[in-house]
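Asker: Chains as they are written, first to last, in our numbering: chain A, 1 to 102; chain B, 103 to 305.
Don't read these hints as lab results, they were simulated from the structure. Quantities reported herein were computed from a predicted structural model and do not represent experimental measurements. Any given hint might turn out to be false.
What the hints assert, rightly or not - Simulated crosslink set (PhoX-like; lysine-lysine; CA at most 20 Å straight-line):
no.: 1; chain 1: A; residue 1: Lys30; chain 2: A; residue 2: Lys65
no.: 2; chain 1: B; residue 1: Lys147; chain 2: A; residue 2: Lys30
no.: 3; chain 1: A; residue 1: Lys45; chain 2: A; residue 2: Lys65
no.: 4; chain 1: B; residue 1: Lys172; chain 2: A; residue 2: Lys70
no.: 5; chain 1: B; residue 1: Lys147; chain 2: A; residue 2: Lys70
no.: 6; chain 1: A; residue 1: Lys65; chain 2: A; residue 2: Lys54
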Amino acid sequence: MSSHPSLSDVDRLLHEPSRSVILAILSAIKSADFLYLQRETGLTKGNLTIHLSKLEEAGYLRIEKTYRGKVPLTLCHITPSGREAFEGYRQQLKRFVDDTGG
Amino acid sequence: MDERIQNAQRRAIQYWFVDGLAELSAGVTSLLLAVLFLLWGELAKTRWSLLIFFLIPLAVSVVLRLVIQKVKQRITYPRTGYVAPLQGFENKRAVLIAAAFALLLLAVNATLAIQGSTAVLWSSSLAGLTFAFVFGWISYVTGLRRFAFLALFTAGLGASLGFLGAGYWTGVAVLCGCTGVILLFYGIMGLREYSRQTPSSAG
Chain A
1 MSSHPSLSDV DRLLHEPSRS VILAILSAIK SADFLYLQRE TGLTKGNLTI HLSKLEEAGY
61 LRIEKTYRGK VPLTLCHITP SGREAFEGYR QQLKRFVDDT GG
Chain B
103 MDERIQNAQR RAIQYWFVDG LAELSAGVTS LLLAVLFLLW GELAKTRWSL LIFFLIPLAV
163 SVVLRLVIQK VKQRITYPRT GYVAPLQGFE NKRAVLIAAA FALLLLAVNA TLAIQGSTAV
223 LWSSSLAGLT FAFVFGWISY VTGLRRFAFL ALFTAGLGAS LGFLGAGYWT GVAVLCGCTG
283 VILLFYGIMG LREYSRQTPS SAG
């Protein structure tokens, strides 16, 4: 009996498009501030804050509140577990696409 | 979905070229090197020649870095936000590329040393290849085609200067000068487009 390709066990936290894009961005760089992530995702401030909080609760993201001179800055960093989870999610997607002949 | 992820990552890597400031800075440095190479004939007669040749570009690059930071704080960060690149050994690919580049430079210098004075005539070609390697790598990593053009241009110009028999200092000066002009053009156009098309954040 052949197994059908499935995304049933995919990480639901990352399967949300905005959150996967957030981690995609952070996996390519050291850190990014709130404004950059907002512009890249097209989310409102409220929505982005919610997504960042969920990722932080899961341990995929670390939020650092700092200053650049006198300007307050909210910096987001991907954590090692976040990087691992994102890579795993990406591999899963790729396998699913390959198995379905996409 | 994967394309969306790839595009997001690529745009993050392109961040440092979004406002044209990197090209402006590289253009100024390149033109300065062109002047130094052209003046090398006179500089070499002084006892401070090596010091001048290394200290001036170093001082200028430090000043440029400070100026660029100030400009970014006024123009780029309020518009696009702030991104910190992977640094040092965090970016394994960059380390490998830097090592390959260092080996390339070593090979270039060894070739010149072994060949003797006749190799000097081909120094422009070898310098052009070195420039092409750097620009080609930037183009590959960022997906920005203008750097692919620069890679082809510097390789072609370097080869042409070698065939024409341009001396080392003159040839490399011409190479640096032409590259600097193109980089300045890229930088000015990039900064102009960026300022016009990217609104500042309203707080």
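Asker: Confirm or reject each hint.
Answerer: Results of checking the hints against the structure:
| no. | hint | result |
| --- | --- | --- |
| 1 | A/Lys30 - A/Lys65 | holds, 15 Å |
| 2 | B/Lys147 - A/Lys30 | violated, 46 Å |
| 3 | A/Lys45 - A/Lys65 | holds, 16 Å |
| 4 | B/Lys172 - A/Lys70 | holds, 14 Å |
| 5 | B/Lys147 - A/Lys70 | violated, 49 Å |
| 6 | A/Lys65 - A/Lys54 | holds, 17 Å |
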